[in-house]
Amino acid sequence: MEAFTRLDAAAAPLPLANIDTDQIIPKQFLKTVERAGLAKGLFYDFRFDEQGVEKPDFVLNQPAYKNAGVLITGDNFGCGSSREHAPWALMDFGIKAVVATSFADIFYNNCFQNGLLPVVLKAEQVAQLMDEARGGNHVVSIDLEAQTVTSPSGAVFSFEIDPQRKQKMLQGLDAIGETLQAAGSIDTYEMKRALSQPWLEGA
Amino acid sequence: MRPMPGKTLYDKIWDAHVVDTQDGEAILYIDLHLIHEVTTPQAFAGLRANRRAVRRPDRTLAVADHNVPTEGQALGVDAVADEEARLQLQTLGRNVEDYGIEYFPMGDIRNGIVHVVGPEQGRTQPGMTIVCGDSHTSTHGAFGALAHGIGTSEVEHVLATQTLRQKKAKNFRVRIEGEAAPGVGAKDFALAVIGEIGTAGGTGYVIEYAGSAVRALSMEGRMTLCNLTIEGGARAGLVAPDDTTFEYLKGRPATPKGGGWEMALSYWKTLFTDDDAVFDREIVIDAAAIAPTVTWGTSPEDVVAVTGKVPSPDSFTTPDKRASAVRALEYMGLEAGQPITDAKIDVVFIGSCTNSRIEDLRIAAKIAEGRQVAPGVRAMVVPGSGLVSAQAEEEGLDEIFRAAGFEWREPGCSMCLGMNPDRLTPGQRCASTSNRNFEGRQGRGGRTHLMSPAMAAAAAIAGHIVDVRDYL
Ligand code: SF4
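Order-wise, the sequence lines are chains A and B. Heads up: the first sequence begins at 1 in the numbering used here, then just goes up one per residue. Heads up: the second sequence begins at 1 in the numbering used here, then just goes up one per residue.
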C-alpha cells in the first residue's frame with residue numbers, strides 16, 4: 001500500500017447525499033479478477049449516457065476537474081455493497097482523498113486498506129469547501145500528519161482520525177504482515193477453543 | 001464500588017473472540033468465512049503474490065451465486081455465456097482447489113445464495129463470528145452470530161490469518177413489541193426500522209433486535225430482518241438464539257450431533273443480553289402500528305406505508321437530502337403527493353438473500369394461488385438455493401407459480417443486482433423482494449420498489465403496487 005502524507009490537488013464538488021457503491025462503480029465492472037483498470041467504471045452512470053457518450057455537465061467530465069485528486073461530497077458516502085472495487089476505482093481515477101460529513105462503515109474501512117484517505121468534516125466546513133471548489137481555484141491541501149484540510153482560499157479545517165489508522169496510512173503498512181506477528185496468539189486461541197468448543201473442530 | 005454492568009449479546013460474542021490487541025485494535029478470531037466468485041479473485045491473487053497459505057480451509061466455504069445464470073446451470077461453468085462472469089467462476093473453482101476449500105459449485109443442489117446456504121447447511125451457528133465479502137452477511141445474525149460484510153483486502157486477511165482487525169462497535173437495541181397485523185411481516189418491520197433511523201442511523205453500531213414481535217418471528221423472518229440491518233448503516237444485526245433457533249438447526253448437515261449437540265446447546269443458551277446490560281442507543285417500535293411497507297425512492301430509507309403517498313422533497317430538512325429526493329423522484333418517474341398504489345409495475349422479482357427462503361415462497365404462492373399475473377407483467381421467482389427449490393417443488397409451489405403466470409427459475413442472486421442476464425431495462429418498474437433500490441441496481445435505468453414477498457406477489461396480480469391485505 002502506498003503511504004499517504006500530504007496531498008495538494010484539485011477538489012471536485014459532488015453535492016449529493018447517500019452516494020452508494022453501486023453508483024461509485026456499477027456491477028458490470030465487478031466481473032474483473034484484477035484490481036487495476038477500474039477508473040473506466042467510476043461513477044459510470046453519472047459520467048456516460050446510454051450510448052456511452054460523456055455527459056458534459058457531470059463534474060468529473062469538466063476540464064477543470066478531470067485531474068481531481070479530492071472529492072467533496074454529502075452525507076453517508078459509500079453506503080451499500082461492500083465491494084472494494086469502489087475505493088479501487090476512485091484511486092485508479094486519481095482520487096486520493098474524499099471529504100464528506102459522514103461515511104458508510106464498510107467503505108470507510110476499505111479506504112484505509114488501500115491508502116485512500118476519508119476525511120470527515122462538519123457540515124458547514126464541507127459546504128464551504130464545496131462552494132470554493134466550484135470557483136476558479138480548486139486546489140485543496142490535505143496534511144495527514146497535521147490532520148488539516150486547507151481550502152483554496154486558505155481556510156484551515158482540522159479533522160479527527162483514529163491514531164492507529166493514521167500511523168498505518170502515513171507508513172503504508174500491510175495489515176496482514178502486522179497480524180501475522182501475533183501468529184503465536186492465534187495458535188494459542190485455537191488450541192484453547194478446540195478444548196472448550198470441540199464441536200467446531202473436525203467437521 | 002459499583003458492580004460491573006451486565007453484558008450485551010454483542011459484548012459476549014466479542015469478548016469470546018478477541019485473540020490479541022495491537023495498537024488498540026482487536027484481532028478477532030473468525031469462526032466461519034464464506035466466499036463467492038466476485039469479491040475473492042484479488043484476495044487469492046494477493047495470497048499467491050505473498051506466498052501465504054489459507055490458515056483454516058476447513059472454516060471456509062465457497063459458493064457461486066452473484067453472477068450465475070438462472071437457467072441451464074446443469075451445463076456447468078464452461079457453458080456460462082458471459083465471458084467475464086465465466087472467468088470469475090473458473091477462477092474461484094481453481095482457487096478453492098488449490099487451497100483445499102469446500103465448494104458447492106453451480107448446479108450442485110447445495111449451491112445457492114451464500115446467505116441462504118450457510119444457515120441451511122447448519123454452518124451458521126449461534127455465538128460464531130462470521131464474515132463474507134458481501135455486505136448482507138448481517139443475515140447470519142439471526143442465529144445470534146456476529147456476522148458482517150468485509151472488503152476484499154479483509155477477505156485476504158481472513159484467509160491468511162483467520163482473524164480480522166476490528167474496533168468494537170457500540171450497542172444499539174431495536175425492540176419491536178406487540179403483534180403485527182395479518183399481511184405484515186419481517187420485511188415490513190425492517191423497512192419501518194430503516195425509515196425510522198435512516199440509512200446512516202446504525203453507523204458505528206451493532207443492532208440487537210428484541211421484543212415480542214421479534215421472538216415471534218420464524219428463522220426465515222429473523223434472517224430477513226438481520227439481512228436489511230446493513231441498509232440502516234449498522235454492520236451487524238443480532239437476535240439472541242432461542243428454541244426457534246435450536247429447532248431450525250437440529251439435524252442440519254454441519255450442526256453438531258450427539259454429545260456435541262448437547263455441549264453446543266448448553267453454550268448457546270448462555271448467549272443473551274443480561275438484564276442489567278446498557279445500550280448506547282435504544283428504540284421501541286410498535287408492531288401493530290406497522291402497515292405493509294414499500295420504498296418510493298432510490299435509498300432504502302425512502303419508505304412509505306402502502307396506504308401512503310409519495311412525499312414532497314420540501315418535507316426533507318437538509319439541502320443535500322432535498323436534492324437527493326428531487327433526483328430520486330425524477331429517476332423513479334413519480335410525482336410528490338401521488339398515492340404509492342398508482343405505481344404500475346412491469347416486472348416482479350421474488351428472490352435474493354432477503355426473501356428467497358421456503359417460507360417466503362410459501363407466502364407468495366399463497367397470494368398467487370388461483371390468480372393470474374396481470375397482462376404485460378413479467379413475474380419471476382428465483383429460489384435462494386437448490387435445496388429451497390427442491391423443497392418448493394416437493395410442496396407443489398412451482399406449479400402454483402407457473403399456473404399463475406410466474407417464471408420459475410434456478411437459484412442465484414439474479415435480479416437482486418443484475419450481474420447475470422436477469423436485468424431491468426431503462427424505465428422498467430419492478431416490485432422486488434430484494435434489499436437495494438439504488439439507481440441502476442437491478443439494471444440501468446430500472447426503478448425498484450422494495451417490498452415483502454406477499455406484497456410483490458400481490459403487485460404481480462394487480463399490475464401495480466397494492467395493499468396485500470386486500471388479497472389475504
Ligand atoms: S442476493 Fe443480492 S444482496 Fe444477497 S448476496 Fe446476492 S447480490 Fe448480495
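The hints are simulated quantities; they were obtained by calculation from the structure and are not laboratory data. Certain hints may be false.
Said to hold, decoys possible - Simulated pairs of lysine-lysine, DSSO-like, Cα-Cα distance not exceeding 30 Å:
#, chain 1, residue 1, chain 2, residue 2
1, B, K7, A, K192
2, A, K122, B, K257
3, B, K7, A, K96
4, B, K167, A, K192
5, B, K168, A, K96
6, A, K166, B, K344
7, B, K269, A, K192
8, A, K192, B, K257
9, A, K192, B, K366
10, A, K122, B, K321
11, B, K366, B, K344
12, A, K192, B, K250
13, A, K192, B, K170
14, A, K166, B, K168
15, A, K122, B, K344
16, B, K250, A, K66
17, A, K166, B, K170
Checked hints:
no.	hint	in the structure
1	K7/B x K192/A	holds, 22 Å
2	K122/A x K257/B	violated, 55 Å
3	K7/B x K96/A	violated, 40 Å
4	K167/B x K192/A	holds, 23 Å
5	K168/B x K96/A	holds, 27 Å
6	K166/A x K344/B	violated, 51 Å
7	K269/B x K192/A	holds, 20 Å
8	K192/A x K257/B	holds, 21 Å
9	K192/A x K366/B	violated, 50 Å
10	K122/A x K321/B	holds, 16 Å
11	K366/B x K344/B	holds, 22 Å
12	K192/A x K250/B	holds, 26 Å
13	K192/A x K170/B	holds, 28 Å
14	K166/A x K168/B	holds, 18 Å
15	K122/A x K344/B	violated, 41 Å
16	K250/B x K66/A	violated, 58 Å
17	K166/A x K170/B	holds, 22 Å
The structure fails to meet hints 2, 3, 6, 9, 15 and 16 from the earlier list, while all remaining hints are met.
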